[in-house]
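Using the sequences and the hints given, assemble the complete structure.
There are 4 protein chains.
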Amino acid sequence: MFGVQRFRTGMSRSWEMLRQRYFRVRARTEALCATLTAEDQVVQSMPDASPVKWHLGHTSWFFETFVLGARPGYRPIDDSYQYLFNSYYEAVGDRQPRARRGQLTRPGLDEVRLYRKRVDDRVASVLGELGPDQISVLEVGLHHEQQHQELILTDVKHLLGTQPLRPGYRGDGEHVPPRPAPPLGWRKYRAGIVWIGADADGFAFDNERPRHQVLVAPFQLASRPVTAGEVLAFIAAGGYRDPAYWLSDGWARVQSEGWQAPLYWEQRDDGWLLYDLAGMRPVDPAEPACHLSYYEADAYARFAGARLPTEAEWEIAAVAEPPLDEGNFADDGRLHPRVAPQGDGLAQIFGDVWEWTASAYAPYPGFQPLGGALGEYNGKFMCSQMVLRGGSCFTPRGHVRPSYRNFFPPEARWQMTGVRLAKGV
Amino acid sequence: MFGVQRFRTGMSRSWEMLRQRYFRVRARTEALCATLTAEDQVVQSMPDASPVKWHLGHTSWFFETFVLGARPGYRPIDDSYQYLFNSYYEAVGDRQPRARRGQLTRPGLDEVRLYRKRVDDRVASVLGELGPDQISVLEVGLHHEQQHQELILTDVKHLLGTQPLRPGYRGDGEHVPPRPAPPLGWRKYRAGIVWIGADADGFAFDNERPRHQVLVAPFQLASRPVTAGEVLAFIAAGGYRDPAYWLSDGWARVQSEGWQAPLYWEQRDDGWLLYDLAGMRPVDPAEPACHLSYYEADAYARFAGARLPTEAEWEIAAVAEPPLDEGNFADDGRLHPRVAPQGDGLAQIFGDVWEWTASAYAPYPGFQPLGGALGEYNGKFMCSQMVLRGGSCFTPRGHVRPSYRNFFPPEARWQMTGVRLAKGV
Amino acid sequence: MFGVQRFRTGMSRSWEMLRQRYFRVRARTEALCATLTAEDQVVQSMPDASPVKWHLGHTSWFFETFVLGARPGYRPIDDSYQYLFNSYYEAVGDRQPRARRGQLTRPGLDEVRLYRKRVDDRVASVLGELGPDQISVLEVGLHHEQQHQELILTDVKHLLGTQPLRPGYRGDGEHVPPRPAPPLGWRKYRAGIVWIGADADGFAFDNERPRHQVLVAPFQLASRPVTAGEVLAFIAAGGYRDPAYWLSDGWARVQSEGWQAPLYWEQRDDGWLLYDLAGMRPVDPAEPACHLSYYEADAYARFAGARLPTEAEWEIAAVAEPPLDEGNFADDGRLHPRVAPQGDGLAQIFGDVWEWTASAYAPYPGFQPLGGALGEYNGKFMCSQMVLRGGSCFTPRGHVRPSYRNFFPPEARWQMTGVRLAKGV
Amino acid sequence: MFGVQRFRTGMSRSWEMLRQRYFRVRARTEALCATLTAEDQVVQSMPDASPVKWHLGHTSWFFETFVLGARPGYRPIDDSYQYLFNSYYEAVGDRQPRARRGQLTRPGLDEVRLYRKRVDDRVASVLGELGPDQISVLEVGLHHEQQHQELILTDVKHLLGTQPLRPGYRGDGEHVPPRPAPPLGWRKYRAGIVWIGADADGFAFDNERPRHQVLVAPFQLASRPVTAGEVLAFIAAGGYRDPAYWLSDGWARVQSEGWQAPLYWEQRDDGWLLYDLAGMRPVDPAEPACHLSYYEADAYARFAGARLPTEAEWEIAAVAEPPLDEGNFADDGRLHPRVAPQGDGLAQIFGDVWEWTASAYAPYPGFQPLGGALGEYNGKFMCSQMVLRGGSCFTPRGHVRPSYRNFFPPEARWQMTGVRLAKGV
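Residue numbers (the numbering used here), protein chains in the order written: chain S, 1 to 425; chain Z, 1 to 425; chain A, 1 to 425; chain E, 1 to 425.
What the hints contain is simulated information worked out from the structure, not anything from laboratory work. Values in this document were obtained by computation on a predicted structure and should not be read as measured data. There's no promise every hint is true.
In this list, chains with the same sequence are indistinguishable; a pair is considered to hold if it fits within one copy or across any two.
[To be verified] Derived SDA-like pairs: lysine to any residue, alpha-carbon spacing no greater than 20 Å straight-line:
| hint | residue 1 | residue 2 |
| --- | --- | --- |
| 1 | LYS423 | PHE367 |
| 2 | LYS423 | ALA362 |
| 3 | LYS423 | GLY366 |
| 4 | LYS423 | VAL214 |
Put into structure tokens, the structure is as follows:
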């Protein structure tokens, strides 16, 4: 049922617009792979990450399974792809184990690209015949594909950034003269009963609904994310060596995995370097810190005498006033958080870094998962994960909303994650 | 600061009453070990459980470290005990690794009992001199010891119930004629802004504070916990074999650990048996189901077309009306949940089984951990655990409150945990 | 010192012959990769296997490090390759961890091929200037490269044969009409003091030396390897379910890894299939069984009322009379063991399958490892491995000798390993 | 068939003598436990070790199963003991998993002692009726029990020596004034064809048979085991940090387990201490080094420019001349290797420390395991283990023979193992 309203509104658009959007999203995925070799696209660097080729196949499988496959008499393009490119949909059937997605040297990259094309052709040919429910599912598929665009970047960064040569993914780009981060300010918000979540109009994932009221005490939110320089101060103060700052599980991780800094940071004789998608370079203290786990975000907040915002607080702030800036998204090509703009307002609330919240990922009151196999999309992960908000420099522009809920386990570091502090009044 | 108010109120009591309470709690711990051999008290059956002897030492260490040790010039009874009996207080120093508590054949049980006695003697001798803060800490120590009384029962049950002979811990007790469970009813509660959490008066753990307002939609709560018979129906319907009911992590557990029924259930040719602390015996379908993980609780709720209550909903219901029954606590000696009483009202809201809530364990708004090392008591576990409410048949009577928050990871099964369903209106 | 004699003999050859041999071996390695995609060559299917690209780089690194690098003033082609392509030579320096060789998407395949070419050019340019010791090391390098040619085949088979599509590596080849295996005969050998091992002339690895005397009791050796049909009988008799046939460690493997048949066998409704490098096809009972671990070889021998030969027995038999056949080597292109020839004699003693011996891999009396870092080539693995003899259909023709000692841990199954039975007289 | 000869000889002894020997051995086992608490006897300190109580039960189970159980109509003392005290005999049935022997708090120690007594009573009552085969098995049972006497000491040492208090097992004993180790001499042995192994007369385990000829080159054997002082020199020379000395698997262990010295050694500011069964005390450089793995023995030998002897060499030397000393066995009560005696001859060839040989544990030519379930006693372990010879200060005097073959995996350190060097001539 979800998305139907959206479809009805959408009826005023021509089918052509939908078609154009479909192909724009699909093409963007492929454009992300332009600088990658076939070898780069087949390897899986760790069980949590997936090979790029698998992302290419899986996003196509999604349209084939849930849009095309729902049509009477549909014959799959290749039966084996049902197994190979299913991610986690138990209702659809067995699948290649996640940790072994990287063994799939076959089908080769060319075949997977061909699969994409064949899916696209079939989608194009039926687009005009889709009913509202199928349009809704297609809509989900496009947002799903955008999520995988972000995952391609995170997974490629892990693949390239943890192999010995640390090769770059993008060229160096224009030179940005160093500039200082703006001072940390605090934005104040009033107590009240407020509505959060997505309303019935427009696209949203099922986990953003239903829109509902929450009671919030007065709070303050930092005017910008925590910077690399602030994390350097945490490191210098022994933050990674003092259990007083850490959750118990976090401290266990610090010790078992030897965390001494955010992921992709390396200490050399003359200071800290980091890997970004252009290669290794010195840490710029003015930039937002990224690749922090929830444990690190929480520990830093404690060190700073603050806390993380709840997801409701975050959402209230995100809609309370116009953001100071548009935010830095994947389309901007920098693929690393930028120094926050100077000025009075809430900076970088969208884009740059996903912001860990203090909220465990849970169903909203009255939550209804999508019907059918798509019901597994979000709901079955609502345990032991934390909500992140706002999108990042790896997110496609236009993909996130104030009500958008991302979620990862508290130990995850390979996502483009950062910290915005909160405190009471 | 917490507990100070309690102490001031308490000034009207004589010191003698506090002394009596101290010795009553301490004696109760030892009474729980009366039927155990020295061998039973030294072995650790799994990393999550602790040997009884360790519990005996640790609870004494708690008083020695935090009450006696805070006094100027205090000399420890045995330096090695600081290491051996520290549980997880990083600020206090190193400690025997949790998974290796079972290797401590020395000090022997007699020495640990002697340690208890020496701590008791010293506490008794200084009791009259303690200031309000130290009285507060002593108070924490008594509640802490009660928590370990429950852990002794859970850990002993695991030790005895997973070894081949399945020896009993208690005698058979009186014969209770079988009786049916009352039908499942639904209690209705109105929407509103309500206060939850402990106020400043009286004892409460830091995690129950501060008392604060929450906004709650109208909801219904089941009149009694889910019964073993209802779980039998879930099993018979293939509940443990169908991923549709399960959270993703839960389903992974079902498969990797081969769950087919609650912990301590065993299928024989002629039906299901369970181990309770008197030994193996047939499952009584009328009794509340216990030893369910959060994953199982959540899966059963989905199967039943309901959900788990939030902790706020639970707390609202627990204070909304007088409970139908007093609840079955450890002092009652049955050490297994009893069949719910017939009648109109909320049955077994306290005692019998800890009830999983849908709420992840998190700090209340404005949460302040205790000062000093005791700040590690609760706060550092506020991640990846779920809140349980209400106490169980393993809990000492009088230990729990409506605001009491217990917490365990979603996969934990060896605690005395059960399920109460909720749903919207 | 080793190889010097060989070189002296070799002096009668022209340098040109050595040069030709070098390029023939090097070209053969590349020819083995002709049907593989770049994706096939970068992925690592398990920690024990290596990516083809890594083999290509490592064999070149071997010549660069040990032949070119020994020359004064030598400047490496790329410093990072010292790290990336070192296999296990501690004396040479750090290296990419074995289990993470598959993460190296960079340098890309083209760069590694270029590296090969640059090494070849440099070797060619100095070949005429090499002294006898360096010639010896070059000789080792050529035999080393042949070993990796076999590993390329075993590792590619594992990569392709354990991914869902089971793609073939070679075309189907000519049709061979089915024919029966010859009946199992027993060849008798007398007791005596015999010489085994390589003498000082000609090339041999250090582990084949020194030639020395052993005392051997009379024994019998099977006229051919155990066939797939004989293993089918073992399976049918419950051999994989009865611990009586198995070494204790072997039985533990059977259970923990669920072995029910040799590696690459799959049971379907209508019988057993196997994967060979042309794809899936029915098991031919007449062919030698392959991809058996030592545990399975030993269990089968016990089932058959026989035992495995010692390596001395094997070597005695291998030189006692001319083999019945030339053996099936990698150059023959079938890449699977063939049905043994009919006739009176010792069949398939070379080629087809490596034959597990009952001998643990240990130094011969008076063993001297090669000098320098090459001393790590063989000696440091002389523990917890079993000796295999005779080469296989994955081995380059001409690579093995009667004294040749291959070795793998008893649980290894991905090598082209089979069984020849022995018994006393 | 084995032992029959022994029985025939034994016929001249009275049954009374056998009875006395049985009870002497059984009593000795119990005497070893005299200083242990019930707690000490139930705990399992690691998967490779067993609780003392389990040893007490298992050795009794052995007599019950293989001697009493072979008699028609025998009814077991307790059916559950068949499961609880079976070690590894697949043919006998299922068993408590080895790694969980330490969970058996029930049956309690008193019950297990009672079980011992009841088995003893039954054995005594049938002793006069046993036929030669059953006498043979009884004989095996007595030697088996002596093996477990040694294991009790090794396992108790691990239990006590790895818990924080490092409690002693025995009293301090008499003061032995320090004395220097004799200088290392070399004993020379001629080449030849020699017989090794046990002949048909007298008791021996199946793995010592058949007696057979081996061809041995001339060799030299060290006049005494390697001393702690010599190992200190190895440590000081960086032996534990230099891979050049180590087998590949050994070096991996050094790194993964952080080996820096033999097991039970601890470095303090003022030097090295070790734990022996009387507690912690300084390392005496003159004493034989013990608790070395095969990897360490082999690495030390390489460091010393020598090698380990083969088991044939060791056995030849052990019978070539009368030993210089009787050797220090468990009965002597010191329970630690003593400084070697001065004098010309082969010192400490028996007792003090088990001596690692370079020989992998394998069947002798023509090896026949015992019939029935006892066939699992030795043969199924003949893979991936190394032979040790000579007995130790933990071995009961009279238990070992020149032909006696002990065996452990190369990484084992908790046994009373040491090193005797060998070299060629």
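Indices of hints not satisfied (ascending) | The structure breaks none of the hints.
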